[in-house]
Amino acid sequence: MPSVLTTYSGVDPDVQRNLRFGIRKGRWGLRKEPVDWKAATTFGWHVIGAQAKGLRRGPRCQPEEWVTATIDVYIFRVLSPLVLESGYFWPDEVRQSELMYPYRFDIELVAHAPGVSTAYNAPIPADISEGIRRAASRAESIAIVGDKDWTAFVDEITRRQ
0 MPSVLTTYSG VDPDVQRNLR FGIRKGRWGL RKEPVDWKAA TTFGWHVIGA
50 QAKGLRRGPR CQPEEWVTAT IDVYIFRVLS PLVLESGYFW PDEVRQSELM
100 YPYRFDIELV AHAPGVSTAY NAPIPADISE GIRRAASRAE SIAIVGDKDW
150 TAFVDEITRR Q
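For the sequence shown, the positions run 0 to 160 when numbering that gives the first Met the number 0 is used.
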């Protein structure tokens with residue numbers, strides 16, 4: 000069963016600049032280790048939910064409101080383990096001379112679709128949608144998804160490109 004890191008990328012221009020930079024460079028970074036992550040744990044996939052729309056006060060909301068929104072979805076294959084690094088990489092890190100996202104790993108974009116419903120299992124598997132919601136509050140986590148649900152999700156996002 001696929002192990003999927005879930006994260007959220009907001010609407011702030013610096014955040015969106017980092018998203019484009021990470022896609023172009025094939026690298027992603029986190030402020031801290033994912034919730035319940037252990038050094039020997041690996042995840043083969045990464046899903047970013049970005050730019051939530053249709054929420055009164057943004058993505059830090061209760062589940063009942065979250066499932067009424069839409070997000071842009073990015074699906075990545077993870078190419079390397081999560082490692083702690085000490086050098087500046089991201090444009091805002093370089094500009095501010097501050098290490099912000101030291102936990103990094105390599106990625107490859109597999110699919111992207113804008114305006115995807117966050118409603119559970121329509122088409123985002125519930126654990127992934129909920130993981131993205133929690134990640135908006137900086138609680139990135141790893142979801143385990145059934146093979147059939149994962150394949151259907153990737154196929155649907157690929158179809159929408």
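What the hints contain is simulated information worked out from the structure, not anything from laboratory work.
Hints may contain errors.
[Unchecked claim] Listed next, with one range per pair, are the computed distances between beta-carbon atoms:
hint : residue 1 : residue 2 : range
1    : Asp11     : Asp146    : 22 to 30 Å
2    : Arg158    : Glu97     : 35 to 43 Å
3    : Leu78     : Glu32     : 28 to 36 Å
4    : Arg159    : Ser85     : 33 to 41 Å
5    : Lys31     : Ser2      : 13 to 21 Å
6    : Tyr119    : Val10     : 37 to 45 Å
7    : Ala121    : Ile143    : 26 to 34 Å
8    : Pro90     : Ala151    : 32 to 40 Å
9    : Ala151    : Ser96     : 22 to 30 Å
We treat Cβ as the ideally placed atom computed from N, Cα and C, and that holds for glycine.
Hints versus structure:
no. : hint                        : in the structure
1   : Asp11 / Asp146: 22 to 30 Å  : violated, 35 Å
2   : Arg158 / Glu97: 35 to 43 Å  : holds, 40 Å
3   : Leu78 / Glu32: 28 to 36 Å   : violated, 19 Å
4   : Arg159 / Ser85: 33 to 41 Å  : holds, 39 Å
5   : Lys31 / Ser2: 13 to 21 Å    : holds, 18 Å
6   : Tyr119 / Val10: 37 to 45 Å  : violated, 23 Å
7   : Ala121 / Ile143: 26 to 34 Å : violated, 20 Å
8   : Pro90 / Ala151: 32 to 40 Å  : holds, 35 Å
9   : Ala151 / Ser96: 22 to 30 Å  : violated, 45 Å
Of the numbered hints listed earlier, those contradicted by the structure are 1, 3, 6, 7 and 9.
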